[in-house]
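Engineer: Spelled out from the first residue to the last, the chains are:
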Amino acid sequence: MNLSSDTSQVEAGRTVLKFPAALIAARKMGSGSQKYWLAAAIGALCVLAGVGALWWSIGGKSPIQYVTAPVTRGAISRTATATGTVNPVLTIIVGAYDSGVIRNIYCDYNTHVRAGQVCAKIDPRPYQATLDQYSGRLLRDQAILEKDRRDLARYQQLAAQNSIARQQAEDQAYLVNQDEGTVKLDQGYVESAKINLEYTNIVSPVDGTVVSRNITGGQTIASNFQTPTLFLIATDLKQMEVDTNTSEGDMGGVKEGDRATFTVDAFPKRTFQGIVTQVRQSPNTVQNVVTYDVVIGVDNSDLALVPGMTASVQIVIDARTDVVRVPNQALRYTPGGLSAVSATGAPASGTQRVWVLRDGASVAVPIVPGLDDGNFTEIVQGDLHPGDQVITAESGTQGGSPSSSPPPRF
Amino acid sequence: MTAAIMAALLSGSAWTGASAAPQQFDCVLTDTAEQLASENRAIVVVFDQSGKTLKAQDGSQSYSFKNVSISNIAISGDVDLVSIGIDRSSGGVVWQQYAADKVVTEFGHCRQSEANR
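Line order of the protein sequences matches chains L and Y. With my numbering applied, the first sequence corresponds to residues 1 to 410, in that order. With my numbering applied, the second sequence corresponds to residues 411 to 527, in that order.
Don't read these hints as lab results, they were simulated from the structure. Among the hints, a few may not be true.
Claimed, not checked - Distance condition first, Cα-Cα at most 30 Å in a straight line; then the derived BS3-like pairs of lysine-lysine:
hint: 1; chain 1: Y; residue 1: K462; chain 2: L; residue 2: K255
hint: 2; chain 1: Y; residue 1: K465; chain 2: L; residue 2: K238
hint: 3; chain 1: L; residue 1: K269; chain 2: L; residue 2: K255
As the list claims (entries may be wrong) - If you anchor each label on the Cβ, the simulated ranges turn out as follows:
hint: 4; chain 1: L; residue 1: N110; chain 2: Y; residue 2: A431; range: 19 to 27 Å
hint: 5; chain 1: L; residue 1: A266; chain 2: Y; residue 2: A525; range: 38 to 46 Å
hint: 6; chain 1: Y; residue 1: L491; chain 2: L; residue 2: A173; range: 26 to 34 Å
hint: 7; chain 1: L; residue 1: P283; chain 2: Y; residue 2: D436; range: 58 to 66 Å
hint: 8; chain 1: Y; residue 1: A431; chain 2: L; residue 2: G257; range: 50 to 58 Å
hint: 9; chain 1: L; residue 1: T310; chain 2: Y; residue 2: Q467; range: 23 to 31 Å
hint: 10; chain 1: Y; residue 1: V513; chain 2: L; residue 2: S223; range: 45 to 53 Å
hint: 11; chain 1: L; residue 1: D207; chain 2: Y; residue 2: A431; range: 51 to 59 Å
hint: 12; chain 1: L; residue 1: S212; chain 2: Y; residue 2: A431; range: 29 to 37 Å
hint: 13; chain 1: Y; residue 1: V513; chain 2: L; residue 2: V279; range: 35 to 43 Å
We put the beta carbon where it would ideally sit given N, CA and C, even for glycine.
With the hints as extra help, turn the sequences into a complete structure.
Structural biologist: What follows is the structure, encoded as structure tokens:
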């Protein structure tokens with residue numbers, strides 16, 4: 001092969017060496033130098049490969065960072081939430097037995113009344129007139145009775161002497177009996193008229209406070225068709241109750257005597273205390289949602305609560321104090337996500353496990369959970385102690401989800 | 411006739427109009443079932459709407475009522491075994507005394523005292 005003939009060309013008066021010609025020239029520099037450069041190039045490639053492998057192993061996969069929370073000791077209570085309305089314990093509807101025109105009103109809103117106190121007066125004149133009529137008729141019939149009785153005595157005496165027919169005396173006796181019946185009837189009418197007259201006084205039947213007045217002076221009350229409500233009287237506003245709409249799902253745990261707390265919009269920073277006094281069995285169904293009235297008894301000595309207020313109620317279904325507890329996130333945490341669970345094996349039935357950070361490593365601790373209040377779970381059994389750091393999340397891994405809380409520790 | 415109507419209206423305004431000064435009213439308790447007209451009793455009632463006080467003088471006995479409620483409709487209060495209620499529009503008054511087994515109720519009428527006019 002004649003290299004010199006096809007690698008050297010004369011272009012425009014100068015000599016141009018192409019690549020095969022340069023290699024030939026390098027070869028011409030000496031065979032020892034050539035070997036040196038080849039070894040250097042191979043060594044440089046090996047160094048680059050090693051650095052790349054080291055960078056891949058360290059920089060491409062950052063260390064796992066755990067988010068932990070401490071195991072604490074404290075109280076846990078499970079509650080049922082409901083909304084309700086503040087009501088007096090007993091509200092009396094005061095109506096009217098008589099019809100007529102309201103003549104006087106002696107009670108108004110917020111009036112404190114006693115049992116027997118007159119709150120309004122219906123015009124009594126028609127009823128007084130009726131009473132007078134029956135009283136007069138009674139007097140008349142009593143006089144007739146008296147006269148007939150004397151006649152009877154006289155006739156009986158004459159009949160005994162055979163001065164008159166016996167039938168006349170007997171007829172007089174029947175007449176006296178009729179008169180006695182008539183007088184008794186009259187007495188009933190009089191008593192009825194007295195009662196009707198008495199009912200013109202609209203009277204509070206209980207001690208309490210007037211919470212509603214539905215009449216005005218001069219108004220005509222027609223009691224014949226429908227009993228009108230004149231006043232609503234709350235018996236004692238110092239004892240109130242909250243009628244709640246408790247979901248049927250919570251009814252299994254609610255029972256009389258349970259403690260309850262609630263707030264009202266009027267006092268957003270104040271928590272009122274109460275006791276479940278009644279769990280009513282009657283369901284209330286609205287748009288296929290079934291609720292039950294759970295009644296909360298409340299002491300209202302300072303009269304802060306007013307009838308009709310809306311209460312946001314929490315009924316304490318179960319409670320524990322001074323128990324070891326962990327945040328609920330710790331029970332939801334699994335290292336490496338759900339796929340890792342099958343690899344590590346599921347816990348025994350009835351038990352769960354949490355992961356505790358011990359000496360920089362995560363350690364699975366089997367536990368038996370107890371009461372859960374939505375934030376914390378009671379630990380009934382398990383090698384957990386207050387101060388232990390349970391893992392609630394992890395970050396820095398491909399499978400881990402970064403926590404929203406500030407990255408702590410480790 | 412017109413003057414009488416005006417006088418009646420002015421008298422009525424004393425019941426319905428709000429006034430800061432204490433108001434005195436002369437009341438006559440007239441009708442209980444067993445009471446004769448000759449046994450009518452006169453009582454004096456003084457109330458202060460702004461101070462929410464209500465007092466009454468029944469002969470030698472004076473009462474300073476508690477649980478006083480004064481509105482444009484009615485005035486009421488009670489103390490010990492006595493309660494009073496006054497209809498502000500009509501001037502009707504009810505005076506009740508509570509015993510263990512019964513309540514004695516007296517009705518009557520109140521008029522604005524001459525001292526207030």
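Engineer: If a hint holds in the structure, say so; if it does not, say that too.
Structural biologist: Hint check:
{"no.": "1", "hint": "Y:K462 to L:K255", "verdict": "violated (45 Å)"}
{"no.": "2", "hint": "Y:K465 to L:K238", "verdict": "holds (26 Å)"}
{"no.": "3", "hint": "L:K269 to L:K255", "verdict": "holds (27 Å)"}
{"no.": "4", "hint": "L:N110 to Y:A431: 19 to 27 Å", "verdict": "holds (23 Å)"}
{"no.": "5", "hint": "L:A266 to Y:A525: 38 to 46 Å", "verdict": "holds (44 Å)"}
{"no.": "6", "hint": "Y:L491 to L:A173: 26 to 34 Å", "verdict": "violated (53 Å)"}
{"no.": "7", "hint": "L:P283 to Y:D436: 58 to 66 Å", "verdict": "holds (60 Å)"}
{"no.": "8", "hint": "Y:A431 to L:G257: 50 to 58 Å", "verdict": "holds (55 Å)"}
{"no.": "9", "hint": "L:T310 to Y:Q467: 23 to 31 Å", "verdict": "violated (47 Å)"}
{"no.": "10", "hint": "Y:V513 to L:S223: 45 to 53 Å", "verdict": "violated (23 Å)"}
{"no.": "11", "hint": "L:D207 to Y:A431: 51 to 59 Å", "verdict": "violated (33 Å)"}
{"no.": "12", "hint": "L:S212 to Y:A431: 29 to 37 Å", "verdict": "holds (31 Å)"}
{"no.": "13", "hint": "Y:V513 to L:V279: 35 to 43 Å", "verdict": "holds (39 Å)"}
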